[in-house]
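Trainee: Each chain, written out:
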Amino acid sequence: MVFSSLYFLFLYLPIVLIAYYITPLKWRNLVLLVFNLIFYAWGEPVYILIMFVSIGIDYTHGMLVDRCKRSGNDRGARMAVASSVIFNLALLFFFKYWDFIAGSLAAVGLNIMPKLGLSLPIGISFYTFQTMSYTIDVYRGDARVQKNIVNFGTFVTLFPQLIAGPIIKYKDLDEQIDFRTHSPEQFASGVQVFVVGLAKKVLLANNLGMLWDAYKALPVEQLTTAGAWLGVAAFSLQLYFDFSGYSDMAVGLGRMLGFEFMRNFDYPYIAKSITEFWRRWHISLGTWFREYMYIPLGGNRVSKPRLFFNLLLVWAATGIWHGASWNFLLWGLYFAALLILEKAFLLKALQKLPALLQHLYTLFLVVVSWAIFAVEDFGHMGGYLKAMFGMAGGGAANDNFLYYLLSYLPMLIISCVACTPLAARLWRRLPERSMRLILPVLLLAGLIFSTAYLVDATYNPFLYFRF
Amino acid sequence: MSKRYCIFITALFCAFIGVFLVANAVSPDREFSQMENRTLAQLPVPSVKTLVNGSFMSDFETYVTDQFVGRDGWIALKSSTERALGKKENNNVYFCDQDTLITRFDEPDGTKVTNNLNYVNKFVENVDIPVYFSLIPTQACIWADRLPAGAPNADQTAILEQAAGATAAQWYDSYSSLFAHKDEDIFYRTDHHWTSLGAYYGYTALCQAMGLTPVPLEQYDKTTVSESFYGTVFSSSGVRWVRPDRIDTYVPEDGITVVSHTYDAKGNPVEEPRQLYDESYLTVKDQYSMFLGGNQSLGVVTNTNNPDAPKLLIIRDSYADSLVPFLTPHFSEIHLIDLRYYKLSVSEYVQRNGIDEALVLYSVPNFTSDSNLVWLK
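Sequence order for the protein chains is H and S. Position 305 (the first sequence) corresponds to 305 in my numbering; numbering is contiguous. Position 172 (the second sequence) corresponds to 172 in my numbering; numbering is contiguous.
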């Protein structure tokens, strides 16, 4: 089930809220667990079994780690952590990467793995990472063991963040799972964040996505330089509003149910360096890789060559996490190279430049990266990049470009402004009286327009089916 | 923000989603949308199989969207918002000059075009009567000057040239006679079909190919049968701000009978009488169906005034329905086959019914996207 749909908004959500709030506190996790499972089974009726297996195995591993630690058996505890990590990675590997590796081997003449043709269980990259972090944190002493399987299952399947993140670590939710408070203040702030996220996804992202799709579908010969940039700029905006919209909706829904999730995006397109961009983009993924891969590999406290090698490893993993395809690996390595350069000397040099140039440097490199991210086929990707740099022979611009630019101009301007903290700053400077008057109007407008666009939805993609 | 205000915001949101939860639950489901001119999805019944393969869920999602309370209003709100935001198209329909809505024509699938042309060629081989063939260019081609500036629009004339070059049938050119009259009302502004006037110019092109003398238009009295026609493009566009179309007819119905051949539920052949102009369709949304009563698998139009004239077979799409009236003076019988429904051998049909001439006539978008020409054998 996805949030940006009529049956979620006007059927599932009201029923969940009613059921949740009429249930006594003691039983709320059980109610939530049942609805979480319905939410997941709605899109993946068969793969719900993987979910059960995953809950069972990670729950047992957590208990095992805890018991070994208590009895001073560190070796046993380590074995249990290793076993949990192996299980989760195996699950991810089997469903997500098997066919990719089989296909890649077959392409070089090694027909040693049969293709399975399994569809990817939605959200598997998110929930395997979450459960993996659980056993590791129990071992590290960062999280308490969860003895109640209903509570543990509620954490793993928690529907607001189940299929598109943010990647919530158990230690961050630990106390909230067992005991959380509910207040109108928290609910009302959840409503605001949710409606903002819904509008970002339905009104901005879906609209800009149509522009990107028009350019993505064009044969390279017909791509002009200006058109190629317009297309990839539209994708940059689409992905940001789609992804951050989903995260906002998750945070909002979480608050409505008494949970507080971490912020996943912090105006990434205003970053002044690639290093800063990654502190602002998909924060929960970045911190996950830092805590469970980069730091265990030695973090910053290693020799320069080792540091660069570690960065390469972490970013190769980050890239391929986004999808089982070579372009995602290339995309990860592209950022590894930039981050290594920035760590080596570039960041210091950049800081001496005017702020505007720092912004342009970052935006340019990020937008180019999205062309690698969005075009899977290497031949097409190469052609698209060539067109962006005027080397594809399609000319600088044409009538179609002007048509698209003009008809999307208001949308593009709104979107660019929405990428900055400008609106939020202005909002906070309003006197409380005006805020109280305007807020309900904005909320209703967001809900009404989003509903209209969902009723007549010709285009409402779910972008994370590869994750 | 005070606690009371937060309760108000919470209540506002819950009321919004709650109102539609209740309204959707109590409002009766509609079978058919007049506005969109299509049947709407009905509540699916779950079974173990559809629950496991997920088709129940996707059917249910379509059902919720199709039956959403106030659907027509929401659609109009969206298209108006798009226009206010400077968009020049909605749901693949361009907002054009002169109150015209034109469906976007994208580059068709090249293999499908080649295949369909080959099916026509095979048909020419299989029958020993002359086969005439033409494709009708649509608004996106003839009225390209009404499109928004720079709007992407695939070239239909290239397909006409390809068809003219590749076909073994007797190709004739509909484009030139339509284009010569492009400033007249030869197409509907809100529907994808040509008007009776457009069909007349198509008819003159066909007459030239067949060596017939067309009846001059002045000999007919024009009858306006409707001034409130909103067509299929209007339906799919969501646009609600254009004025309606007019439907005219020219050829009188005297002495013309129409019979539609279908099968009943048990598979027995049934003959259903129809009319050249069925005015009962003027009271429903899909007024174009007044021509020959809309889609049919096989129809026979007989002109009792000239029983000795030849018999024509048309392999058709719905554009033929408004062309047929003009052809009645030249033929004793006009047989119409729609390959979407007729799956028997057409060449046998030609032999059995003593057909003298055949015509394959489609609009460019229909011909380049149709998957049923494989049945033309």
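Calculated from the structure, these hints are not laboratory results. Cβ atoms here follow ideal geometry from the backbone N, Cα and C, with glycine treated the same way. Treat the hints with care, since some could be wrong.
Said to hold, decoys possible - In silico contact screen, one side only, chain S against chain H (beta carbon under 8 Å); selected entries:
(1) CYS6
(2) LEU12
(3) LEU21
(4) ASN24
(5) VAL26
(6) GLU61
(7) PHE68
(8) VAL113
(9) ARG146
(10) ALA309
(11) TYR341
(12) LEU344
Trainee: Now tell me, hint by hint, if it's right for this structure.
Mentor: Structure-based check of each hint:
1. Taking 8 Å as the C-beta cut-off, the interface hint given for S/CYS6 holds, the closest approach to chain H being about 4 Å.
2. Annotation: S/LEU12 was flagged as interfacial toward chain H, and the flag holds, the nearest CB pair being 6 Å apart, inside 8 Å.
3. Restraint check, S/LEU21 versus chain H: the minimum CB separation of about 5 Å is within 8 Å; hint holds.
4. Annotation: S/ASN24 was flagged as interfacial toward chain H, and the flag holds, the nearest CB pair being 6 Å apart, inside 8 Å.
5. A cut of 8 Å between beta carbons decides the hint on S/VAL26: the least distance to chain H is about 13 Å, and the hint is violated.
6. A distance limit of 8 Å between C-beta atoms decides the matter here; for S/GLU61 the minimum to chain H is near 6 Å, and the interface restraint holds.
7. Because the closest C-beta pair between S/PHE68 and chain H is about 5 Å apart, less than 8 Å, the hint holds.
8. Because the beta carbon of S/VAL113 sits about 17 Å from the nearest beta carbon in chain H, more than 8 Å, this interface hint is broken.
9. Because the beta carbon of S/ARG146 sits about 14 Å from the nearest beta carbon in chain H, more than 8 Å, this interface hint is broken.
10. Interface restraint check: S/ALA309 against chain H, minimum CB-CB distance 48 Å, threshold 8 Å, status violated.
11. With its C-beta approaching chain H no nearer than about 28 Å, S/TYR341 sits outside the 8 Å limit, and its interface hint is violated.
12. Restraint check, S/LEU344 versus chain H: the minimum CB separation of about 37 Å is more than 8 Å; hint violated.
The structure is inconsistent with the numbered hints 5, 8, 9, 10, 11, 12, although it conforms to all the rest.
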